[in-house]
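Student: Listed here are the chains, written in short residue letters.
There are 2 protein chains.
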Amino acid sequence: MSIFDEELRNLKERILKMGLLVEAAIRDSIKSLVDRDPDLAGEVIKRDHQINALDVEIDEECIRLLAIRQPKAGDLRFITTAMKITTDLERMGDLAEDICERAIELNEEPPLKPYIDIPRMAEIAQGMLIDVLDAFVRKDTSVAYDVIHRDDEVDNLTVQIFNELVFFMIQDPRAVSRAVKITYIAKYLERIADHATNIAEMVVYMVEGRMIRHTEAK
Amino acid sequence: MSIFDEELRNLKERILKMGLLVEAAIRDSIKSLVDRDPDLAGEVIKRDHQINALDVEIDEECIRLLAIRQPKAGDLRFITTAMKITTDLERMGDLAEDICERAIELNEEPPLKPYIDIPRMAEIAQGMLIDVLDAFVRKDTSVAYDVIHRDDEVDNLTVQIFNELVFFMIQDPRAVSRAVKITYIAKYLERIADHATNIAEMVVYMVEGRMIRHTEAK
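The listed protein sequences correspond, in order, to chains A and B. The first sequence maps to residues 307 to 524 in the working numbering. The second sequence maps to residues 307 to 524 in the working numbering.
What the hints contain is simulated information worked out from the structure, not anything from laboratory work. Take the hints with a grain of salt, since some may be wrong.
Remember, identical chains collapse to one label, so a pair may be satisfied in a single copy or spanning two.
Once the Cα atoms are required to be at most 16 Å apart in a straight line, the calculated EDC-like pairs of lysine to aspartate or glutamate come out as [stated by the list, open to error]: (1) 445 / 363; (2) 493 / 349; (3) 337 / 461; (4) 378 / 366; (5) 493 / 404; (6) 337 / 381; (7) 419 / 459; (8) 493 / 381; (9) 493 / 470; (10) 487 / 470; (11) 378 / 429; (12) 487 / 407; (13) 323 / 429; (14) 352 / 403.
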């Protein structure tokens, strides 16, 4: 194995590590919401700097590899894609923080209703994240296409949650502020799934050399 | 001027062109909302493919320059930053489309109230976009920092709009569905401003070699 191969393997590992930190942040943000645990929410927010640090580290390593290894073709595309993917991962981490902030606020008021669709949405989004990272490191477009298709499920759940909460708000004006915050959490999860979908589109682009859009993949 | 200098100049021009298309999309999306003009909203949605095409074109050109020019130091960072910036611009274009979709829906119902804060938010966000592109092509961090600071204004307006609309919803249950859609538009504009802020952070990183976060720049 050449030094460059070793460096690429190391790069992949760091991206996976970053992805797992983001996945844990999403999982714990939803756990803090469901369990009404503001301490856990605070922990997730505190941990975000680890994700940000990895973003910078990976970016620097990619710049270094571009400068000294002058990669061509597939390796070049892999490295430039890695730089973009970490930007998406970093923003997913920020969205987990946003969920935590809403969870802390919601915890200060009585519960509106048990959470059922939000944890389901989160589970799908987490699965999309794990799978798309796998698709990236293994350059597997079939997994990437599968992730893109799952985004529709998340979009449908967002609409369903929205309609249900509008119903709550119409029934009881005292529910409005809490209900809007819950629709925001649904929106954050939708955006997390969108980031996973964007990464999947980049993986297809990296491997097949053509840019697909979510709407076309349907 | 060397061929490479010429190529870099051409790259900058294409990024500015893409940025202006995105700015026009945001402006027209808000115009379609305020003027209750669904045809204009439809036009913006139709035009989005131009933004997507430029995204792919610029990306390909950056890959080509990395492969054949083997840029170093400042030029290398400029090109990798360009690749990331176009991803942000493309997503800002998608958000303008989202605004148009909500504008079309809102147009099918009676108006809730005159729009005042939403156009103000849009104006700030558009200004941030124009200025951050200028900061990028001129490598001017003082303009980039200024953009980052303006993001707080947008965040404050989002909270203000949210509170006002919650008040509407509490007063009149029939307003709920429309009011929630308007809070979504505020959220889309907030995200557009966030993208401009992200680009500003990348410009600082490109020039100063250090990653700042919105919260630290305050």
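Student: Could you tell me which of the hints above the structure violates, numbers in ascending order?
Tutor: 1, 2, 3, 6, 7, 8, 11, 13
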